[in-house]
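Colleague: Next come the chains, spelled out residue by residue.
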Amino acid sequence: MNFIMPHLPVLQVAIPLIAAPICVLFTFGGHRKLAWLFTLAVSWVCFLIAGALLSRVLLDTDISYAIGNWPPPFGIEYRVDPINAFVLLIISGISAIALPFARLSVEKEIETDRHILFYTSYLLCLTGLLGVTITGDAFNIFVFLEISSLSTYVLIATGVRQDRRALTAAYNYLILGTIGATFFVIGIGLLYMVTGTLNIADLAERLQPLSDNRVVHAGFAFIVIGMGLKLALFPMHVWLPNAYTYAPSLVTVFLAATSTKVSVYVLLRFLFTVFGPSYGFVNLTLEFVLLPLAIVAMFAGSITAIFQTNAKRLFAYSSVAQLGYMMLGVALSNIPGLMATILHIFNHALMKGALFMALGCVMYRLGTISLGSMKGLGRSMPWTMAALILGGLSLIGVPGTVGFISKWHLILGTLEAGFWPIAILIVASSLLAVIYIWKIVEVAYLENEINQEKTLNEAPISMLAPLWVLVILNFYFGIDADLTTWVARNVAETFLGGGS
Amino acid sequence: MSNQSILILSILIPLIGGIGISLLHRAPNLREACTLISSIVLAFVVYSLLPRILSGETVNITFREILPGLALEFNVEPLGMLFACIASGLWIINSLYSIGYMRGNQEKNQTRFYIYFTIAISSSMGIAFAGNMFTLFIFYEILTLSTYPLVAHKQNPEAKSGARIYLGLLIGTSVGFQLVAIIWTYLVTGTLDFTPAGILKGKIDPTVLPILLALYMFGIGKAALMPFHRWLPSAMVAPTPVSALLHAVAVVKAGVFTVLKVVIYIFGIEFLSETGASTWLIWAASFTLLAASIVAITKDNLKARLAYSTISQLSYIVLGAALASSIGILGGGLHIATHAIGKITLFMCAGAIYVATHKTEISDMTGLGRKMPFTYAAFTIGSLSIIGLPPFAGTWSKWYLALAAADTQTWLVIGVYMLSSLLNVWYLLSIVAKGFFAPPSEKSDPSTGTIKEAPLLCVLPPCLTAVGCIALFFFADRVVELLRPIVN
Chain R
1 MNFIMPHLPV
11 LQVAIPLIAA
21 PICVLFTFGG
31 HRKLAWLFTL
41 AVSWVCFLIA
51 GALLSRVLLD
61 TDISYAIGNW
71 PPPFGIEYRV
81 DPINAFVLLI
91 ISGISAIALP
101 FARLSVEKEI
111 ETDRHILFYT
121 SYLLCLTGLL
131 GVTITGDAFN
141 IFVFLEISSL
151 STYVLIATGV
161 RQDRRALTAA
171 YNYLILGTIG
181 ATFFVIGIGL
191 LYMVTGTLNI
201 ADLAERLQPL
211 SDNRVVHAGF
221 AFIVIGMGLK
231 LALFPMHVWL
241 PNAYTYAPSL
251 VTVFLAATST
261 KVSVYVLLRF
271 LFTVFGPSYG
281 FVNLTLEFVL
291 LPLAIVAMFA
301 GSITAIFQTN
311 AKRLFAYSSV
321 AQLGYMMLGV
331 ALSNIPGLMA
341 TILHIFNHAL
351 MKGALFMALG
361 CVMYRLGTIS
371 LGSMKGLGRS
381 MPWTMAALIL
391 GGLSLIGVPG
401 TVGFISKWHL
411 ILGTLEAGFW
421 PIAILIVASS
431 LLAVIYIWKI
441 VEVAYLENEI
451 NQEKTLNEAP
461 ISMLAPLWVL
471 VILNFYFGID
481 ADLTTWVARN
491 VAETFLGGGS
Chain L
1 MSNQSILILS
11 ILIPLIGGIG
21 ISLLHRAPNL
31 REACTLISSI
41 VLAFVVYSLL
51 PRILSGETVN
61 ITFREILPGL
71 ALEFNVEPLG
81 MLFACIASGL
91 WIINSLYSIG
101 YMRGNQEKNQ
111 TRFYIYFTIA
121 ISSSMGIAFA
131 GNMFTLFIFY
141 EILTLSTYPL
151 VAHKQNPEAK
161 SGARIYLGLL
171 IGTSVGFQLV
181 AIIWTYLVTG
191 TLDFTPAGIL
201 KGKIDPTVLP
211 ILLALYMFGI
221 GKAALMPFHR
231 WLPSAMVAPT
241 PVSALLHAVA
251 VVKAGVFTVL
261 KVVIYIFGIE
271 FLSETGASTW
281 LIWAASFTLL
291 AASIVAITKD
301 NLKARLAYST
311 ISQLSYIVLG
321 AALASSIGIL
331 GGGLHIATHA
341 IGKITLFMCA
351 GAIYVATHKT
361 EISDMTGLGR
371 KMPFTYAAFT
381 IGSLSIIGLP
391 PFAGTWSKWY
401 LALAAADTQT
411 WLVIGVYMLS
421 SLLNVWYLLS
431 IVAKGFFAPP
441 SEKSDPSTGT
451 IKEAPLLCVL
461 PPCLTAVGCI
471 ALFFFADRVV
481 ELLRPIVN
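Going down the list, the sequences are from chains R and L. Using the working numbering, read the first sequence as starting at 1 and increasing by one per residue. Using the working numbering, read the second sequence as starting at 1 and increasing by one per residue.
Chain L extracted, bound-state conformation (with noise of 0.2 Å):
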């Protein structure tokens, strides 16, 4: 096959899945079926580029201009290839979970949720090929509508008011801001292309340059930066699947990739470095850090704690790109990859519990980890990862993430990340802590004497997540090695 027919593809599998899906509303065995076959094939067909783009071939397909220098193009680079990779991946994994966890629970309208995840994947893997800002935004958008109808899901009031205030807050900040930034963008360079060593050098008053960061900074909601971060809370009324695969893989982690493209491919790392245009953001992100974490401390929805966790997260990302230096694009790059695997194994593990036990709230789930053991593992290791302890992936990506502080000589960013990896160890080890060696609560609740593990389908997805947590402290340099062409 050659490079442009594999890229084509790899945004029309899901699509075709997703027909298949709507075919086959009938049969739920067969419709799941197709679901699993669309993400095996994609997955097959992501990676078989992957080798080809390690050995610096380029893929670029051009559709038509809709207007003068807005074209529909794609083009491969090895951030979107990391991204195409994840997603992919994580989502045969997650097609496993779904199955268990959506018949768990007995859930309604299972082929409507069905088909809008195959849209929601295409739209991620169109955002990870996009080859200019245009292209991006037009599937960024696409992946924000198709993901509104899985946050409804369960269409009671409350579902609803999530979902309204996700897509208010997405589309807002997208619209009003995003979208002015890029036809700025547009109107002094006349181009959006992804290039290089960015578009706007030469072309731009630096002194306006902050402002137009800050629209594109706040404008990607996606990336949850405070203020604009309430939607990510919002949209965990979705079903646990949604959680674990969309707002802790493809949805945030396009806004964060978005992020990382625009600084860049459209800014320059050396023009942001040298302007200085991008020290405030320095500081948003570290506020969005910290803030985001005291926060999870005080939920008591597990969810909720793991969707402020997520925030603070995605800011770690955020303050590599704003650090502009090399360093601190890779290791925003490996923390895509890392806390993806992290974080997706977390949500699972709470879905697990939640089709096990019924509950939601931390309080009440006083040692469930002896009766759930696989379940609890799963969940230190995703938490340890996470926090950045090694032999867990997460100890690569903060490390380079520091290296990047003190190689700008921003050191109380250093501060900034050890202590919010403080902060994690008590958000996160403090459920574990819970699970395994507080008392049952069994006085409280009579059904406590008869948990135990979800159904098969729910437990081995978190599981097998939790060995890539392991597995990927070992490989890390492969995705560094993937990277790098990027900052040289």
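Next up, chain R with everything else stripped away, as it sits in the complex (with noise of 0.2 Å):
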């Protein structure tokens, strides 16, 4: 073990990387089976190297691990902190979480042939949000980004088989998200021009003498839109419904659990780490660009989600808001309000990933997720519906769930920073996700079943159990806030104290 310890950082990443071409082999004589298992394997032990490193900076040091040797700024760092350390464990918990759950679910949804393959993308697509997280490179952030975009495309064109648009809808991605990960280049390229460096914490010591510089301010501007591009910032947010909306159930799930939350820790690491709110220009986009942005995207989120007569694009849209929640505590940059955003990241991802996945339960057995196929479900899919509702209850921010605990956060940010007319809006926007939510329990509970001779069951365990896995930790987190309350005030006390 102690030989192992100190490569952890490494083999976070390199594990699933290295297991995606392991994963092809499968396909001669197509062990199906096998590859699920195996990528399963592979979620758990990434999942067991996460918690690891979070443990380890959270009660030690932050780890700084030299890739090959090279010591950095010249080779490249793989650098973990609690905020990384942190991220690291969301995607790889909700992988580990979801893939009980995928068996049945891709059989189902993605043709027989592609199922290996299906595997094999999705190892790349973890493989590279891990890597964007833990690397202290940003030039690596851009190749992990584009390994994760790459085989996302990928993973949302199988949903073909349900429904044609799956295609347009990744093609769509395709182009946008490429046109993200561009800006987010050529950002990178203009602050390598001035300062000569591609390592971050280097990066950040040798911008300080450099805000007035012109070039920087390009630089500065390009990642940001990059960046808001990837993590669907309104008005940068039309390649997000689709995408969700046609891919399979399980990439769905893993796409609004952990993607864009991996864009949003980029931006905080940019915002924060590499800038700081003492530059200027950092200070003016925060509160003239982002916040009305945000506020925006969470009242449009909202307003069309609650005009969408598919589910799963119901709750797409929520994510446009729910992410306008995250860009408002960015915005505020206030403690309250960053531990608001890094509390959301991880509280998001709980609720977005049981909803989805229940959704995941009714497709499973309905093969359409349209609200008006859904009537009277409440009866013959009584666990799945239930859990979509305390789901729903969680995204609302009822007390006793996570939604809650990232809402008050916000709040009492907005009410630190003196914006309380916010706080009414953030108020007000609550109660939006009330209406949507509650267009479905009136569907499931208070409409008779349409197709009354044929039985629906309720869907098997295996899809039920990690539903109720993330379900109960939506509570479980909601009512003993110590652990993500102590993390996230960590983490928003080194970003603040760092930065100025």
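Misleading hints may appear alongside valid ones.
[To be verified] From the derived model, a few chain L residues whose C-beta atoms are all more than 12 Å from chain R:
| # | residue |
| --- | --- |
| 1 | Thr395 |
| 2 | Val425 |
| 3 | Leu460 |
[Said to hold, decoys possible] Result set (BS3-like, lysine-lysine): computed pairs, CA atoms no more than 25 Å apart in a straight line:
| # | chain 1 | residue 1 | chain 2 | residue 2 |
| --- | --- | --- | --- | --- |
| 4 | L | Lys434 | L | Lys452 |
| 5 | L | Lys359 | L | Lys160 |
| 6 | L | Lys160 | R | Lys439 |
| 7 | L | Lys154 | L | Lys359 |
| 8 | L | Lys154 | R | Lys375 |
| 9 | L | Lys359 | L | Lys371 |
| 10 | R | Lys439 | L | Lys108 |
| 11 | L | Lys452 | R | Lys375 |
| 12 | L | Lys371 | L | Lys452 |
| 13 | R | Lys439 | R | Lys375 |
| 14 | L | Lys434 | L | Lys299 |
| 15 | L | Lys359 | L | Lys108 |
| 16 | R | Lys375 | R | Lys33 |
| 17 | L | Lys359 | L | Lys452 |
| 18 | L | Lys154 | L | Lys108 |
| 19 | L | Lys299 | L | Lys359 |
| 20 | R | Lys375 | L | Lys299 |
| 21 | L | Lys154 | R | Lys439 |
[As the list claims (entries may be wrong)] To give an idea of the interface, some chain R residues facing chain L are shown, with a C-beta separation under 7 Å as derived from the structure:
| # | residue |
| --- | --- |
| 22 | Ile63 |
| 23 | Ile67 |
| 24 | Val398 |
| 25 | Pro399 |
| 26 | Ile411 |
| 27 | Leu415 |
| 28 | Ala417 |
| 29 | Leu446 |
| 30 | Ile472 |
Derived by calculation from the structure, the hints in this document are not laboratory data. Beta carbons are placed, not taken as given, at the ideal position from N, Cα and C, and that holds for glycine.
Both chains come to you apart, so use the hints to assemble them.
Modeller: Take a look at the structure:
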């Protein structure tokens, strides 16, 4: 064990990366089930590593790992501190919980001969997301971002068996995602031009005297726009609803819970570690660009969600609104605000994971997730629908759920910043969430079943168990928020302390 | 049993009952027995706490802190004890009544009905014993959510739209105003604990105090202060047992109970009367009181009329709190008890009439008094108690409230009380008069000839509570004695 421990940071990424080509080998003989089992095992190993890393950075100090023993800032550095260890845990944790759910869902929704390649892409996507999070090198972020994005395009396109619109959704995301990544890499290039370094810690140091440099300003703008696109910041969110709606259930669960969160993390990293709110232009961006966009996103997302008839698309628009909450916390740039963002990265992963998984169960039994077909489903699939409603309550932010914890901090943040009208707007937008959740309640519980003679069964236990694990976590961390708030406070203080 | 375990049990017993009910859904008789047993056990447990509270003991449990200063905390104090006693005691009677009504009407989904009923009762207990505003808010929201399926019970378009208004207004006000007020309070004081002298004194600029008070008062939508009162008439689409226990007792009383709690333990009576921050509330409550009474007169649907009467009576209590005097608080607390027992009688009678005749409009109910003497006798007693005539319970609470108005020298309020009592006479006794003295409309409705009393389980409960109205007249001093420690 002692031999492995120091190498955990690189293993976190290397294991899924190596696992992906190995997974392809299962095509010889068509061992679909083995491929799934293998992916599951890899996910759990990643999860354990992430847990070990988080406990180490929380109890001890930050870890810096030099790839190939080339010391930073010359070589690539993997740097683990509480924030990215936390995000690593979220990504690998969601993957570990979602994969037991995956087998039947994938079986149902994806063509049989593509299963093994599907799991391979999934592993690559996991690699990319973990890599983006763990690396301390700006260009390396871009590389992993592309790995995750390219595999995501593939994953979304596998939804084609259910609906051919998955192809256009994937293509749309491909174009917009590539533009986002290009903007990001241009930004990195500009920063490299003036500083000559790609290491994040080194960049932060060398940018200090350059706060009036036009190139730095341009680089910053490119990075914010690029990441804004990747994290679906309103009005750059247009790729998201279709991508989530037409992707296979498992992919939606995984992407909704992790991929936008990773982009939020990268943006946080650049805003607060590389630049920092003490730079005039960062402050201006926060207050006059991110803040209004975040508020518009909260409302535009929720209002659009109310009018959706497809449950997946409904929650996809709700994600746009939720990302607005996260960006609002960033824009406030005070301790409770940032805590709210970090908490919500975790909390939103739990709730959207649960919600999309519940929809996955509905999809498995019904073959469709339009609201019209879910009439009276509360009776034939009681556990699934109960989970959906409980997840919805968490999304609204009912006390006792994780949603409440994030909203509480967000409102404290706005009040501390003196923006009390925004506090009222946050509350008002939560009420919009009540409306779209209640649309589902009414359909599922107050309508009569359309198809009386065909009796529907509850989803199989292997899908319900992971779903309910997430639902219970929604409540557990809503009642016992010590751990999450502690991490969030820790991180928020480092960000604001280090930046100014 | 230790006091702590009694407290926990009182929240858990209804839930355990609910689990039992869901397991017994195939055997209706056992299921109903389960409801009855859990209501009796609950009342026994709650009332066993009463002597200990009267002797001055306090009970406090703190579960974990969710966020710093925000703990799940329970604390028994006299007002909460009173609310718990009323809700648990009337649950027994209402359970009997539910059985009679639901069976008499052959309602569907009865298991669901009984299960959500238990959750609502459990959350009422949580509200009664909440030790801080945060805990209270959690149970307040659970109460709203758990009563939604009861309001939407019939699942027809009318029930659905009624339930939508119900949920929209209650959640909307509680999240939109109350939660903001709670967060504001937390931000300036760092605590949300219910403390005898209030927590705001010296922490907040008195000029913004009326705004904070307004956020609380309108945020507590369950107190039905106009203009956020529409949910209560909308909730009348629910089966009558729900209207009786929840929308005359548990839910609305949870609202005014919260109002009293906020005024006493968050603001502090002294602080309010020093700053005069509640003066506007006196007029807002007076307006609701009179306006709702006048609307009640115009309603021909019996349950709608009773609903507006409830809105008006709730404002009596809000007004008592707004006067910010100790006698007003006593009167408000007492009115929670007296109005509860009076109004539940009226609702149960309305349900009994519906089960027996399927009539909902007052103008159709002519001459029914002679066919249904017990029901109408109970209705008369309930009405007289609500009006506030001796020897019925309502006398005392109105007495104390009027005393409070005199004490604070807001003479106009006495006029408001008197005027509204006259309006009560008009809209309640006219129903009684039609029942007893108007000739039956046999021509228009041939079925009238065969009308007789509703089943025993529908008629007995209102008679019991009517007797309660009289008993409470003689024992009102006990209630005052229980409440007195709050204001000293």
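Colleague: Hint by hint, note whether the structure agrees.
Modeller: Tested hints:
1. Thr395: Non-interface label stands for Thr395/L: nearest chain R Cβ at 40 Å, farther than 12 Å.
2. Val425: Per Cβ check, Val425/L is outside 12 Å of chain R; nearest 40 Å; holds.
3. Leu460: Answer for Leu460/L: holds, closest chain R Cβ roughly 33 Å.
4. Lys434/L with Lys452/L: holds, 17 Å
5. Lys359/L with Lys160/L: Holds. Lys359/L to Lys160/L sits at ~22 Å (cutoff 25 Å).
6. Lys160/L with Lys439/R: holds, 11 Å
7. Lys154/L with Lys359/L: holds, 17 Å
8. Lys154/L with Lys375/R: Holds. Lys154/L to Lys375/R sits at ~16 Å (cutoff 25 Å).
9. Lys359/L with Lys371/L: Roughly 14 Å between the alpha carbons, so the hint for Lys359/L and Lys371/L holds.
10. Lys439/R with Lys108/L: holds, 23 Å
11. Lys452/L with Lys375/R: violated, 41 Å
12. Lys371/L with Lys452/L: Holds, at roughly 6 Å.
13. Lys439/R with Lys375/R: holds, 11 Å
14. Lys434/L with Lys299/L: holds, 15 Å
15. Lys359/L with Lys108/L: holds, 20 Å
16. Lys375/R with Lys33/R: Violated: Lys375/R and Lys33/R sit about 34 Å apart, past 25 Å.
17. Lys359/L with Lys452/L: Between Lys359/L and Lys452/L the Cα gap is close to 13 Å, so the pair holds against 25 Å.
18. Lys154/L with Lys108/L: holds, 8 Å
19. Lys299/L with Lys359/L: holds, 14 Å
20. Lys375/R with Lys299/L: violated, 36 Å
21. Lys154/L with Lys439/R: Holds - the C-alpha atoms of Lys439/R and Lys154/L are around 17 Å apart, at most 25 Å.
22. Ile63: Since chain L brings no Cβ nearer than about 30 Å to Ile63/R, farther than 7 Å, the hint is violated.
23. Ile67: It is violated, given that the least Cβ distance between Ile67/R and chain L is near 40 Å, above 7 Å.
24. Val398: OK, holds: Val398/R within 7 Å of chain L, min 6 Å.
25. Pro399: Status holds, d = 4 Å.
26. Ile411: Cβ of Ile411/R sits 5 Å from chain L, so the hint holds.
27. Leu415: holds, 5 Å
28. Ala417: For Ala417/R, the interface hint is violated, since the closest Cβ of chain L sits about 12 Å away, which is over 7 Å.
29. Leu446: Hint holds; Leu446/R Cβ to chain L Cβ min 5 Å, cut 7 Å.
30. Ile472: The hint is violated - Ile472/R has no Cβ within 7 Å of chain L, the shortest such distance being about 16 Å.
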